[in-house]
Amino acid sequence: MEKLFERHDEYLNIVPMDFIRNFMYTIDWHSRLICIKGPKGVGKSTLILQKIKTDFADGDRHVLYCSADTGYFSTHTLTDMADQFVKMGGKHLFIDEIHKYDGWSKELKEIYDLYRDLNVVVSGSSLLEINNGKADLSRRMVEYEMPGMSFREYLCFTTGLDFVPTSLENLLQNAAVFCNEIKRKCHPLEHFSQYLRTGYYPFYFEDRITYSSRVENVINYIIDTELTAQRNIEPGNTRKIKALLQIISGLVPFEVDIAKISRNIGIQRLTTLKYLKNLEEAKIIRRLFTDLATTSDLQKPDKILMDNSNLLHVLSPEVPEKGTVRETFFCNQLASAGHMVEYGGMKTGDFRIDRKYIIEVGGRDKDFSQIKDSENGYIAADDIDSGIFRKIPLWAFGFLY
1 MEKLFERHDE YLNIVPMDFI RNFMYTIDWH SRLICIKGPK GVGKSTLILQ KIKTDFADGD
61 RHVLYCSADT GYFSTHTLTD MADQFVKMGG KHLFIDEIHK YDGWSKELKE IYDLYRDLNV
121 VVSGSSLLEI NNGKADLSRR MVEYEMPGMS FREYLCFTTG LDFVPTSLEN LLQNAAVFCN
181 EIKRKCHPLE HFSQYLRTGY YPFYFEDRIT YSSRVENVIN YIIDTELTAQ RNIEPGNTRK
241 IKALLQIISG LVPFEVDIAK ISRNIGIQRL TTLKYLKNLE EAKIIRRLFT DLATTSDLQK
301 PDKILMDNSN LLHVLSPEVP EKGTVRETFF CNQLASAGHM VEYGGMKTGD FRIDRKYIIE
361 VGGRDKDFSQ IKDSENGYIA ADDIDSGIFR KIPLWAFGFL Y
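Under my numbering, the residues of the sequence shown are numbered 1 to 401, in order.
A portion of the hints provided could be inaccurate.
[Claimed, not checked] When the alpha-carbon atoms are kept at most 25 Å apart in a straight line, the in silico DSS-like pairs for lysine-lysine are as follows:
1. K260 with K274
2. K300 with K356
3. K372 with K391
4. K242 with K100
5. K87 with K109
6. K366 with K391
7. K106 with K242
8. K372 with K356
9. K322 with K372
10. K91 with K3
11. K274 with K242
12. K242 with K185
13. K260 with K322
14. K366 with K356
15. K87 with K106
It should be emphasised that the hints constitute simulated quantities derived from the structure, not laboratory data. Please read all numbers here as calculations on a predicted model, not as lab measurements.
Start from the sequences and build out the full structure, keeping to the hints where you can.
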């Protein structure tokens, strides 16, 4: 136990505190059992350590941070560790990388039921399923999905300025006022193209030179390690999943031909659909459907995009098509802010948001011809810096979280 506290102190001594993401303030930290999910690289560990650093004094032994993949747990169980911690007066337990501990759900359920004065926070892969482990935690655990950095957060980090998030409703109704407020502080377009390439994962600010290779490492880790362990994919099939990703990254933003993709990779259609579902769960791609209410797990998606524009730039064999980059950014920022994003179709507009708004994504010259009959129709236009009527700068949708 002493070794865990030593490591706890070491981590707290090196955690950066110059920028704390807004996501921290969306969590109800009073809940007894919290799970923070998210893909590797979005900053889950940093967020947890920052929370401890913010709320507890140095040397406070009422709190403990540890990682489930540490060697300590090769000879100790989570339950034994929690029991000893509580007996020492422990009140707040933070366990990182929980998905790397076999039988985590059963032991967390036991800890929750035994130690009612202990608050537990765990972090894990996006593939973590709290109701599919050996013990159903869905009624005990409060789950949060942590996204990568929004364009707003990237601007805050890059410029040192403070920008607060806005709601989608406010942006759509008061676009001109909102954009002018931002422009008084900085020029968003000056930073936007860089964000689209390298701004989504916080480790960009640690080492900008190796950013692309680190993103590739994240992708390979998720496919080679997490998918094989948590979705029972044979290690020998990971090469086909990577080939599938290469094809997706080169798609122009139109309808998807699953049969053709399957033939190119040499796998069955149902296997392709299963892999697509797994890749979306891992936050590598995004499947879009015209009606989410009637969608089944292995249904053919109407459109496929990468989860975020940084993945698209890293995976694309050539410079990605502008339209794909724009749509990828738009869907990522809306979905990460908690909005329902559906494919609008070729005739009605690019995307339907929350079953209410139709938003067409395009360049500065995009007109309203496709959505002229839609009362709640808007254009998200690239390469403009001000909102005009129902035409809103694409970058402004990066301020929703």
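Consistency of the hints with the structure:
1. K260 with K274: Holds, at roughly 16 Å.
2. K300 with K356: holds, 24 Å
3. K372 with K391: Holds, because 12 Å separates the two Cα atoms, which is no more than 25 Å.
4. K242 with K100: It holds: about 23 Å lies between the C-alpha atoms, which stays within 25 Å.
5. K87 with K109: holds, 19 Å
6. K366 with K391: holds, 9 Å
7. K106 with K242: Distance of about 33 Å is beyond 25 Å: violated.
8. K372 with K356: The given pair, whose Cα atoms are some 15 Å apart, holds under the 25 Å limit.
9. K322 with K372: holds, 24 Å
10. K91 with K3: It holds: about 18 Å lies between the C-alpha atoms, which stays within 25 Å.
11. K274 with K242: holds, 14 Å
12. K242 with K185: Roughly 42 Å separates the two Cα atoms, so the pair is violated.
13. K260 with K322: Between K260 and K322 the Cα gap is close to 24 Å, so the pair holds against 25 Å.
14. K366 with K356: holds, 21 Å
15. K87 with K106: The hint holds at about 21 Å.
The structure fails to meet hints 7 and 12 from the earlier list, while all remaining hints are met.
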